[in-house]
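Taking the hints as your guide, dock the two standalone chains into a single complex.
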Amino acid sequence: MIRFEPMSGGCQCGALRYHIEAALEGPELCHCRMCQKAHGAPAVAWGTIPAAALVWSRGLPAEFRSSDHAVREFCARCGTPLIFRPDGQGTIDIALATLDQPQDIAPEEQYGIDTRMPWFPGAHLLPAKPSPGRGRTFQHPDHDTPTWP
Amino acid sequence: MDRVDIEVSGGCQCGAVRYHATQMLDNSHLCHCRMCQKAVGGIFAALVAAPDEKLVWTRGEPAVWRSSEHVERGFCANCGTPLFYRDVNNGRTNLTIGSLDNPGDFPPHANSGTENMVGWFQTIPTIEDDGATEADREDWAAAIKASNNQHPDRDTESWNAKPRQ
Ligand SMILES: [Zn+2]
Ligand SMILES: [Zn+2]
Ligand SMILES: [Zn+2]
Ligand SMILES: [Zn+2]
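As given, the protein sequences belong to chains A and B, one line each in that order.
1116 is the number of the first residue of the first sequence in the numbering used here; add one for each residue after it.
18 is the number of the first residue of the second sequence in the numbering used here; add one for each residue after it.
Calculated directly from the structure, the hints in this document are not laboratory data.
The C-beta atom is built at its ideal place from N, Cα and C for all residues, glycine as well.
Check the hints yourself; a few may be wrong.
In silico contact screen, one side only, chain B against chain A (beta carbon under 8 Å); selected entries [to be verified]:
(1) M52
(2) K55
(3) G58
(4) P68
(5) R76
(6) G77
(7) I144
(8) A159
(9) P169
(10) W176
(11) K179
(12) R181
Chain B with its partners taken away, still in its complex shape (with noise of 0.2 Å):
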């Protein structure tokens, strides 16, 4: 696995847990089976790795539920974003893709855990598109964007998160 020297942060929604990493693997991919679709509560994984040493906590620290003998899921105990996915063994850290603060930069090269795709995996490019997020309920998505608790998509010096219920 080649490893490529790069600057990436990212975190939770709420903002209470980020990370920053300084060199990640060149391992991207999506993950179909049924423990990375429960973990995050969708139709597959994206997950791309940051080896250990090169990933630092900058502020808080996930919580962390152990899905299997050998493997750790971390989460924000304040919001629920899944952050990572852990193979106690291996050294690295596969990081939620959804997580990052630029999820467009590591495009998955594999799908994985296929003996779980969901049946219409295929069929993903003949969905029909409604549109940008404004484009729909122009109000709503108005009112969601100047109200929003989620971090911004990039370091901040100090930050306030909206505590949980």
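Bound conformation, chain A alone (with noise of 0.2 Å):
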């Protein structure tokens, strides 16, 4: 479990913000095949929460029913996947990265350990190239704002 603290985060385009006053519980990094593909990813962090911890505070995600037992919820304009939503749990997962501040959640469990890419746990050696310079961007600032764009 960690820390409780009001935490904001939202989609890539900032159509979708969220507010959470809860402990992240887990956090887990989740191998399986369905998160892989729900975010095109080879891994997923997530953070589990009391579903009605979650407030929007800018608009309302798309919903996709991954399964009989589970929707999972995105941004329809932009894509951005945000959160795992199991039935009858009363509880949420938060894709950790759609946070504002993500960088020091670390999961403490991984899961569906059979699907992990097999280059996964050694992937902090290869090497490393920071970003170049990108020009303007579109994406929303880690932090609420008032109105937006």
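Below, the structure written as structure tokens:
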């Protein structure tokens, strides 16, 4: 369990913004094939909170029912996948990268090891290159904004 | 950048959008930049590119959001799966590795955008393994497996994507 502190987050374009007031349980790194496809990613880092602890401060997400037992929520405008909502459990999982400050929230467990990429545990040993300059972006900043854009 | 002739298919979770490439570039990498993190809702984007002229959309069309002046991000409008990063000036489409039918086929060669790498990236090998997808909550995993609306990891003749809610 990771600290209790209010946190905000949202999608890439800023059409969706949320605010949470709850301790993050987990957090976990999931390598399962459903998470891989939902995020187009090798693994997804999640934190679990009570469903009622999240409020949408801007916009509402689109929902895709990925199985009979859960829904995945994303931004219909920019595509960012944000939330995994299992039915009837009263909790939701937040994709940690959608928080404004995800840098230091480390997962405590890894799950879905059967579909983990064989290269994953050694990824930190690969050569590193910082980003080149990128010019003007249209991404929402990593803090709440009174209006946007 | 080397080019490799290879048949590659992939698509989104719901199966409404599918692609096929007949050539790939030897540029598989992980991008940790904040733009990629947000686009995929992940700690990094794993990307490998197909030359634009070697990539076809075999089912549906991706939705596109322009994330910066020269960059388009493609995703499925029905299920949200992030599908690509494309610099409009360089003639190639960087596909998200998780959307490939065989995501293990393109191990990354480098970490880029490392100025924004999560602080715990080096600790990944020490994070406790909690088992396979079925290991922890067997009933839950079986129920999801039996009822999921995810497209299989291969091309299909026809497919009814579950409409979003
Ligand atoms: Zn958005
Ligand atoms: Zn998962
Ligand atoms: Zn889809
Ligand atoms: Zn990037």
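Comparing the hints with the structure gives:
1. M52: holds, 6 Å
2. K55: Holds. Min distance 4 Å.
3. G58: holds, 4 Å
4. P68: Check failed: Cβ of B/P68 comes no nearer than 20 Å to chain A, outside 8 Å.
5. R76: violated, 15 Å
6. G77: At 14 Å from the nearest chain A Cβ, B/G77 fails the 8 Å test, so the hint is violated.
7. I144: The hint holds - B/I144 has a Cβ within 8 Å of chain A, the shortest such distance being about 5 Å.
8. A159: violated, 11 Å
9. P169: violated, 10 Å
10. W176: With Cβ-Cβ at 14 Å, over 8 Å, it is violated.
11. K179: Result: holds, 6 Å to nearest chain A Cβ.
12. R181: Nearest chain A Cβ about 5 Å off; hint holds.
Of the numbered hints given earlier, the model fails hints 4, 5, 6, 8, 9, 10; all others are met.
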